[in-house]
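Protein chains in written order, with numbering that gives the first Met the number 0: chain A, 0 to 352; chain B, 0 to 362; chain C, 0 to 307.
Everything labelled a hint here was simulated from the structure, so no lab data went into it.
Glycine is no exception: its CB is placed at the ideal position from the N, C-alpha and C atoms.
Check each hint, because a few of them may be wrong.
What the hints assert, rightly or not - Listed below are the simulated EDC-like cross-link pairs for lysine to aspartate or glutamate, each with C-alpha atoms no more than 20 Å apart in a straight line: (1) K326(B) - D341(B); (2) K231(B) - D175(C); (3) K50(A) - E314(B); (4) K106(B) - E14(A); (5) K148(B) - D169(A); (6) K215(A) - D39(A); (7) K106(B) - E45(A); (8) K310(B) - D328(B); (9) K123(B) - E45(A); (10) K124(B) - D328(B); (11) K123(B) - E14(A); (12) K124(B) - D91(B); (13) K123(B) - D239(A); (14) K148(B) - D300(B); (15) K185(B) - D1(C); (16) K109(B) - E14(A); (17) K124(B) - E14(A); (18) K230(B) - E172(C); (19) K271(B) - D39(A); (20) K309(B) - D328(B); (21) K178(B) - D284(B); (22) K50(A) - E48(B).
To be verified - Listing some non-contacts, in silico: residues in chain C with all C-beta distances to chain B over 10 Å: (23) V14; (24) F80; (25) L86; (26) H123; (27) F138; (28) N173; (29) L213; (30) V215; (31) E216; (32) Y245; (33) T251; (34) F260; (35) V262.
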Amino acid sequence: MIHFESRAEICWFHEWIVVAVALALTGLTCAVLLSVFGFDPFVSLERIVIKPLSSTYGVSELLAKATPLITIGVALSLSFRAGIWNIGAEGQLIAGGLAGGAVALAFYGVDSFWVLPLTLLGGSLGGLVWGAIPAFLKVRFNVNEILVSLMLTYVALLLLSVMVHGPLRDPDGYNFPESRLFHDAAILPKLFSAGRGHVGFIFSLLFAVGATWVVKRWHLGFEMKVSGLSQRAACFAGYDRNQTIWISLLVGGALSGFAGVVEVTGTIGQLVPNISPSYGFTAIIVAFLARLHPLAVVPAGLLVALSYLAGESAQLALGIPGAATQIFQGMLLFFLLGTSLLVNYRIRFRRRL
Amino acid sequence: MHKFMMQLRTRVIVSLVAILSFGIVSADAAVKAGFIYVGPVADGGWTYEHDQGRLAIEKAYGDKVTTVFVENVAEGPDAERVIGQMANDGADIIFTTSFGFMNPTIKSAKQFPNVKFEHATGYKKADNVATYSSRFYEGRHVLGLIAGKMTITNTIGYIASFPIPEVVRGINAAYLAAKSVNPNVKFKVIWVSSWFDPGKEADAATALIDQGADILMQHTDSSAPMQIAEKKGMYAFGQASNMAAAGPTAQLTAIIDNWSPYYLERVGALIKGSWASSDTWGGFDTGMVELAPYGKAVPADVRQLADNAKKAIIEGRLHPFTGPINKQDGTSWLKAGETADDGTLLGMGFYVEGIEGSLPSAN
Amino acid sequence: MDMILLSAIVHAILVASTPLVFAGLGALIQERAGVLNLGIEGLMIVGALAGFVVALSGQPLLVSVLAAAMAGALLASLFGFLVLRCLANPIASGLALTLFGLGLSALAGAQYVGLSAPQVAVWHIPLLSNIPFVGKAFFSHDPLVYGSILAATVVWWFLMRSRPGLVLRAVGENHDSAHALGFSVRGIRFLAILAGGGLAGIGGAYLTLIQTPLFVEGMTAGRGWIALALVVFASWRPFRVIAGAYLFGCVTIVQLHSQAFGVSIPSQILSMLPYLATILVLVFISWRSKGKGSVGPSSLGKTFKISH
């Protein structure tokens, strides 16, 4: 009989072996699928993965795509460690993009150095407020944060829609639902001459390093982790659960909001009804792919960003429908979750007595 | 049940192979034309018709041209990257087929000055960016005539997407035409805030019929309203594509967006080396706007009326916006005999007199 | 407003709400067993496609609905395997399910886009359907509308009045105690996941078989998430799920009608109401049960592992 035993200590080697196995299984399944449909897997790989990355443009775009995923993924890895399930990072991102965008538009035409920092601050605050709502409701009324943050995502999306259809609409834009293009003073500097890779990526790296520091060196990180593993243990140790809730959701909100404002000032350059192709949800995959290690979120974010680019080049080069990207991401997550059993538990084969 | 699942699987695989083998193109052709689609090719409406245009290019120019496309490109941060990837991948001309691609197209055009861009339904041009659209309001005029003649309840239901000039113009054109043949006609408009949400479009269609509409018009892309009209024994007009399959008896006619003439001309110009940035707004006369064959329910006299109007528009004898026309608030817009200029039409943000309700979030 | 229109509006509300009733019940039965499944959206769309494909092949409604339920249950079993067997994180597993279901249905369903399912006959309930107003509003529907109410009744009876239902709730409330009493926690949860997947699949199929009736990718358009909210809104009670679903449907339909009447409030503001209402209800029920521990099944979303 198969029997699972909790491992007392989780070995880092096991952890990364599992990620490698999940990636290998996903890659293998993709290769098999490709050959079933008559494509040479190696040639296809070259066409859909290597080629888009072989130009500065491609790399730059990859970094741009990975920026929000890493930024939010870092926040979520902290929050999930603490057992706070912030599923509504998407809404916090939109709130941040909207608030930051509104600041940028309010100072339209002002050509000063402080416009951009103010815009970024505004965006982070917007996300922070959106994250504070589920935090407050959880601390005060013990309301489930999963549902509140999820509901608020729809509210944020609709709010953005109201604003770009109305007050923030481009006055010279023939009534089309978009804001005007931001003034140059509110645009994030680019990293390369080609593509849209911007300094937001550097920030995301800093967040990852900072969060790692919090987790490893700071007592707070330990408290949050204990609180996530066992509320009772945390209680006995005298740790403040409410503090964990506040920090998880406020940091999550602020970082997601930052990701949102960076997205509108870095890659889009204006407010449109749709500022995020579900970055907030995809970042959940990123956080799990990184096994909730903030530093590992960086490669995980890059990999998931690459899956989007690869999905597009698969359409361009091979004519594979766009839905394949979602299947790939779903499959990767399935394999990862399926194999993570091997990390957390020791499998024993025992004879039934 | 098992047999069914096997069948399902076989069908899925067959279809996958069909989809996959479809996109393969040879690499040694002279001109590479790329298409960015906002929806799936199989949407049966807007994107489907653009893809028909792409296929027409392949058919007409044979090995002088190859085509690529990316479907389901969201109007957001991803659009610019997909356009850029296509340009990087060697496309010589890229058609971006939705309004939301306007700024991404302009920005990409700056990054890739040697690639030609064609943006549908927008208003920003550049040296290597041309714009194109169709005078769908000419089609809406004919639809309005048919609706005005055929309605019994004197109520036309209109399912609209977003209050942008294109949609507002369509409502106004259809209303003025309907009113001209039926002074008692009323329009009821529902905005669904989406181009494509079959469930919501179906709910809106049901609501309009429940409120007494017996003919539906839509400016959204799914065939759900047509299906509802068929189910409830009402009439409707197809949008963007011939939707007779969804409503064999319900469809009176449909506005068909025929992009082929334009795409053939532009790619042809590129092959010859005579491509230049331009602003095209084609109507019935260019073949870019077409009508589907009339449904059985349309009586002979109405067909005659519709055909005459279409002919008059082609010959320049009739402009759907000819004064006297007042705006909804009663102020005069066009004096008797005056016709609307393209600039006003392109930015149309008001209802004409007689339409009830107000435009959403109009300032 | 005349009565005919009012009854038509009520009729439309019931139609718009029915997918939510099924999907909400599907989420409810799983949550009562302690399983939080965020994959409802994926289950719905897979059911939507399966039901549609079978209907196209000329099968009667019942067979199409069964196919949708089986497709939903099949995909849900994958979730069950991950969460119960591999002890994977349920939140990530549910999201993976949604992603996978949306992608799979888009890919497999591309060839069916543009086709129409055959019309489903309306069942006029004898005598009752002749009553003015009430007849049109409540007793002249397609079989699935009645089916949704029947489903809620069955789920209620099962959970509240039958012994297996009691066991299921016990598993959801405290899986360790249930295990100690000798019940198979994993077995019961797996069955709940299958049943929930089936119900969500039927909810999706209602869209493609009756409401629109056509298939396009992504057509569930977030209804799976609304269903999850509904369960909380209903404080995990089957009949309140119906009430909640009708409230959501009411906001949707009334908003459309108010537009046709010429009332213009930005539609986005009205569309926000159901979400805000759910948050308020959440706060209310959490506040009322303050001090009595968490709201809803106590073991909800917690991983169960057999300890010695």
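These are the hints, each one checked on the structure:
1. This hinted pair checks out: K326(B) and D341(B) have alpha carbons roughly 17 Å apart, not beyond 20 Å.
2. Taking the CA atoms of K231(B) and D175(C), the gap is near 55 Å; set against the 20 Å cutoff, the hint is violated.
3. Using a Cα cut-off of 20 Å, the hinted pair K50(A) and E314(B) is violated, with the two alpha carbons roughly 52 Å apart.
4. About 43 Å separates the Cα atoms of K106(B) and E14(A), which puts this hinted pair outside 20 Å; it is violated.
5. The straight-line distance between the Cα atoms of K148(B) and D169(A) is roughly 39 Å, outside the 20 Å bound, and the hint therefore fails.
6. Using a Cα cut-off of 20 Å, the hinted pair K215(A) and D39(A) is violated, with the two alpha carbons roughly 45 Å apart.
7. A distance of roughly 28 Å separates the Cα atoms of K106(B) and E45(A); the hinted pair therefore is violated under the 20 Å criterion.
8. Pair hint K310(B) plus D328(B) does not hold up; C-alpha atoms about 33 Å apart against a cutoff of 20 Å.
9. For the given pair, K123(B) sits about 36 Å from E45(A) by alpha-carbon distance, which is inconsistent with the 20 Å threshold.
10. For the hint linking K124(B) to D328(B), the alpha-carbon distance of about 33 Å lies beyond 20 Å, and the restraint is violated.
11. The hinted pair formed by K123(B) and E14(A) fails the criterion: a straight-line CA distance of about 52 Å is larger than 20 Å.
12. Under the criterion of a C-alpha separation no larger than 20 Å, the hint pairing K124(B) with D91(B) is consistent with the structure, at around 17 Å.
13. For the given pair, K123(B) sits about 56 Å from D239(A) by alpha-carbon distance, which is inconsistent with the 20 Å threshold.
14. Between K148(B) and D300(B) the CA atoms are separated by roughly 10 Å; this keeps the pair inside 20 Å, and the hint holds.
15. For the given pair, K185(B) sits about 18 Å from D1(C) by alpha-carbon distance, which is consistent with the 20 Å threshold.
16. About 46 Å separates the Cα atoms of K109(B) and E14(A), which puts this hinted pair outside 20 Å; it is violated.
17. For the hint linking K124(B) to E14(A), the alpha-carbon distance of about 53 Å lies beyond 20 Å, and the restraint is violated.
18. Annotation: proposed proximity of K230(B) to E172(C) is violated, straight-line Cα distance about 47 Å (limit 20 Å).
19. Taking the CA atoms of K271(B) and D39(A), the gap is near 36 Å; set against the 20 Å cutoff, the hint is violated.
20. Proximity of K309(B) to D328(B) is assessed by CA-CA distance (about 30 Å); at most 20 Å being required, the pair is judged violated.
21. Of the supplied pair hints, the one linking K178(B) and D284(B) is violated, its CA atoms being roughly 25 Å apart against a limit of 20 Å.
22. As the CA atoms of K50(A) and E48(B) are separated by approximately 31 Å, the hinted pair breaks the 20 Å bound.
23. With 10 Å as the threshold on Cβ separation, the claim that V14(C) sits away from chain B is violated: the shortest Cβ distance comes to roughly 7 Å.
24. The beta carbon of F80(C) is kept farther than 10 Å from every beta carbon of chain B, the shortest such distance being approximately 18 Å.
25. Distance check for L86(C) against chain B: the nearest CB is about 29 Å away, which clears 10 Å, and the non-interface claim stands.
26. Distance check on H123(C): its Cβ is at least 16 Å (rounded) from any Cβ of chain B, clearing the 10 Å threshold; non-interface status holds.
27. A cut-off of 10 Å between C-beta atoms confirms that F138(C) is not in contact with chain B; the least separation is 17 Å.
28. Listed as outside the interface, N173(C) is consistent with that label: its C-beta sits roughly 37 Å from the nearest C-beta of chain B, beyond the 10 Å cut-off.
29. With a least CB separation of 6 Å from chain B, L213(C) falls inside the 10 Å interface cut-off, contrary to its annotation.
30. With a cut of 10 Å on Cβ distances, V215(C) falls inside the contact zone with chain B, its closest approach being about 6 Å.
31. Non-interface call for E216(C) relative to chain B: violated, since the shortest CB-CB distance, roughly 6 Å, does not exceed 10 Å.
32. The claim that Y245(C) lies off the interface holds: its Cβ sits roughly 14 Å from the closest Cβ of chain B, which is beyond the 10 Å cut-off.
33. A beta-carbon of chain B is positioned within 10 Å of the beta-carbon of T251(C); the least distance is around 6 Å.
34. At roughly 8 Å, the least C-beta separation between F260(C) and chain B is not larger than 10 Å, which violates its mark as non-interface.
35. With a minimum CB-CB distance of about 8 Å to chain B, V262(C) fails to clear the 10 Å threshold, and the non-interface call is violated.
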